[in-house]
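Following the hints, position chains B and C against chain A.
Chains as they are written, first to last, in our numbering: chain A, 29 to 229; chain B, 1448 to 1858; chain C, 15 to 573.
Rather than coming from a laboratory, the hints here were simulated on the basis of the structure.
Simulated coverage check for chain C against chain B, where a stretch passes if three residues somewhere in it have a Cβ under 8 Å from a Cβ of chain B:
hint, segment
1, 62 to 68
2, 261 to 271
3, 314 to 326
4, 367 to 379
5, 513 to 525
Listed below are the simulated DSBU-like cross-link pairs for lysine-lysine, each with C-alpha atoms no more than 35 Å apart in a straight line:
hint, chain 1, residue 1, chain 2, residue 2
6, C, K420, C, K352
7, B, K1706, A, K162
8, B, K1573, A, K153
All of these numbers come straight from a predicted model, not from anything done at the bench. Where is the CB? At the ideal position from N, CA and C, for every residue including glycine.
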Amino acid sequence: MEIHRLEKIWIAVSLVFIVALIASIVYGVAGIGVGTIGDTGQQLDPNGLEDTRFADPGGHWVDDDHYVVNVVARQFLFQPGTQEPIMVPANTTVTFYVTSPDVVHGFDVVGTQLNAMVIPGQETKLTTEFDEPKSYGIICHEYCGAGHQSMAGQLVVVPADEIPKNASAASGNATTTNASASADVANASAQASVATPEVSA
Amino acid sequence: MSTVSDRRYSRRRFLRDTTAVAAALSASTGVSAAASGPSYGGWFTGDAKGGETKNYDGTTVDKTGQDSVTIEVGAQGNGGSYAYAPPAVRISPGTEVTFKWVSNTHDIQVESAPSGTSWQGVDSIKNEGYTHSHTFETAGIYKYYCTPHLSLGMKGAIVVGGSGGGGSASADWGDWFTDSARGGAVGNYDGSTVDKTDQDSVTVQVGADGNGGSYAYSPPALKISPGTEVTFEWVSNTHDIQVQSAPSGTSWQGVDSIKNEGYTHSHTFETSGTYKYYCTPHLSMGMKGGIFVTGSSGGGGGGGAIPDLNWGNVAWIAGPSIVAIPSIVAYLLWDYHRAGAFDGILDRGPSEAPPETAEAPPTSPERELDHDEYDPWGTATLLGIYFVIISVAWALMYFVEFLGNGPHIFG
Amino acid sequence: MTYVDDFPGEARVVRTALAIAFASIGLGGALGVLQALYRTGYDRSLFSAVDYYSILTAHGVLMALVFTTFFIVGLFAWGVTRSLDTGLRDLRFTWGWLGLMTLGTVLAFVSVLGGIVGWIPTHAAVLYTFYAPLEASPTFYLGLALLIVGSWGAGVDYVLALRDWRADNPDERIPLQTFMAVATMLLWFVCTLGVAVEVVVFLLPWSLGLIPRVDPLLTRTLFWYFGHAVVYFWLLPAYFVWYTIFPKLSGGRLFSDPLARVVFVLFLVLSTPVGVHHQYGDPGLSQGLKFVQMTSTYFILLPSLLTAFTVVASMEHGARQRGGEGRFGWLRALPWEKPSFSGIALAGLAFAASGFGGMVNAGLNVNALVHNTMWVPGHFHLTVGTAVALTFMAITYWLLPQLSGKRLRLRTLAAVQPYLWFVGMVFMSNAMHRVGLAGVPRRTSEPQYEQVLFNTPIATMGELHLQTVGGALLLFVSLLCFLAVVVSTWLGDRGAEPIAVSGHIPEALSGPEHSPRILDDFRVWVALTLLLLLIAYGPPLAAMVQNGLFAPGSAPIPA
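Isolated chain A (complex conformation) (with noise of 0.2 Å):
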């Protein structure tokens, strides 16, 4: 078969190409270390979630360094997340588990990578490390049914000493006040050196 020499060029220029596309995806992974969402192995029971680490969702540090929120998502809302924020230490290897009882939903940390699937039955783990305080917005990003455009949450993420240690500190009992949800509820925490977002034109 007769290949034209351009033509010969523009094939080997491809792969090349391609190898070199492959090969920044590899060291992105194996050389900075960032990656995707894997497998735990874990399988849980949509209607059964009780019997899980889901079963109080919220946060609580697991040992001096490493912080666990479990996240439910549900139709719609966050558990932690939309009545009142998800609390993360800065500086912390922070690890969030994140599961449904109804439906696909998605959860994306605006602003930053962590952009992961929400599947019932199945268990999302994202592990991540946040540099500095900060407010972040949560988005269900996956249509979830009639209500999902409202479906959003916050993460703040404050100083580590901020986060007690002994207790469940950003558990799901929260007390919030009367007034509307989200915008008033950065001001209820306790946490004065959070920057409050503006509002999303």
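Same frame as chain A, now just chains B and C:
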């Protein structure tokens, strides 16, 4: 061939059907039969916080006189199990209301309640089987909603007391505070007009809490006597006062530019009548207000009601059309068939009936380039440029935009 | 003689398929404008935030499943019969599968319509991916199943035509157009297997109440087994046009027939075993699996890069034959005033731009930057929405006279239409990419949240919304122009004067004679495809069904 009895039967059915149509039309345009309660200031519409509460039919269930009342939480409605049933209920002071969860994942957030009440709703998500009771003593209107299903319209209201919040007898706001007027329903308007006719000076807060943020005039509806000085006090940032309508002869022009917290504006209202005003950046949230100055009966013209596109009505037109159009098409097809238009539809090979159409002859090129005479240098150059562009773009996207912006998922 | 005189029965089939395709894109396009107006906040008065999802479902199904499939089966029916110079075996069978496809389409569409119109007792606001446990009415799943099964009939027709031709011409190479059509339909058979199993074995019985639960991860994985390959089912017919007709429209000849065959074989083999790159963010699938499928996804860039060279080289050949000179000057010698040329050229340009987006989407970890944001619709409106759709519209201008014997009417409108489409898409898709990078999500009716601030580096959100709506409106105007040209041509008289196009396609510069015969042996390539599929999908699917076909299972949640 129909008999006399057939025709009579069908005429009766026709009358019955048209009545049903008329009833459906009037029901679907939201004209409710016996509204025994206040309008709740548009609380149940789509322009108040959250979605339209479809299971609210405009009536308030009257349970005055009963010692205990049950409200189902998460009953069927609003496209799923997303309803309080009944959504609007009137009770006597001292009645114990039991909220009974009949499905999962609901709470009760109190949107507004009369001052002095101790009721705080149910702040955390509860599931089927849970109950919550409260004895309502303080008279007034309580509005509440469910956090995860607010956007679907899961809202409710309880009226405690006799006549509830009736509108002021003299002020006629028309549609101004509802979603038929521009901007949408005013969430912090509960149907009552605050009566300050006995005072010389009155304060209206601009940018008070309400309407989903600090987007309210408080009080939204005010009645004053001629000669009263009203001071508008900004309690949050970014508001103005645009006058929608005012009685002729008044010199009041509102506050045309955006002002911030701390600003005040005063005006002594002399001219009797109804003044309507709104805040430009927050009109779509429902930040509207009204002042009624007693004297002559203020003619409050309601805002032009632009009817929402009502799918129920559209369906009554679309329905017959969907029957009629295919029928006409089917008749035409049958008629074409009878005329022989479809004969030979399955034949293959050249047909003789329609005239044969020739194609344009193939054109020969201006300059013929054969396989050995042609080297695609232009292509190679263009593709080389393309390759450079996507390589640079990839480097920027991957290394700068992605790896440079944390936090990341650790793999 | 024109095609309509040589094959009047087949011409009628093709015209019918195209008519249904155009009706879908017309309706789908109108729905698209409604979505753009709603989502940006420009006009939310026409329907509710919840109705939006039914409208979005209808838009996706009509554009991505109905318009595409009907146009493709029509285009290929023309290509196969023309290149083999023989009719289809039994037109009753042909009308049968076309009718089945139409029935399926109507059923699915009415099911979705029921979500907005109260008196139709169905609901299907599940979007075109219909992920369980969200559940639509059984009629929706049935309709989609009929549409797909009907389209299998098309593949059967082309394979039988090829068989008959082969019996008479045992030593000749398969004509390129038939080769491409058959390769594409073989790809279609292989990849629709996944979604057919998902719908017929799981979702349809589940929505009928015959089985109580389905495993959402399993059904989702079966969908994406189909979901990536389907984009090649759309793309390959566009490549079919670019390779076999576009060189002639440019005034030249196809640069290399053998390479075109290689490209199609590569697509057949590589298209399906890469579907997991749509599931990088999913739990329950290992990072190792995702890594492997990432590498094969990047390799599928190769046939497209090859196509770029061959197609542009063919275009350059045409330009130089028309008298063009210089390193870049030859571009001016091309017939930009002819819409069948300009539409395809612009479609190719859009596709080149979209390739970059595809590279980001395929990148295992960098995918997290854009997953489920508006970047993704930005990408696919460039690919299927321009590269494929604009090619189809452009080639209609050339095909329709040959299929009907009628001259093209409103030619000025036709000449302008591709440019309108391209400009509209540049605005809309560009805005979508940028808001996506800022984090704005897709698939939601109101992407404005109190708790979330979207940071757009250049231009405000308001300007980007304006671009989105402006682009969408331009696209709709362009679509109306296209439909106007098509309808007025269709209603015209078939006169005695010859049509303005010539159906003659010159031979390739480099013909198939010197390419390996094994290219034409589809059995080898299908076997290779199935082997790769076993390797790519075998382990994950086996792991998922290990603890039960329906576990961990979820009951239906109606939407």
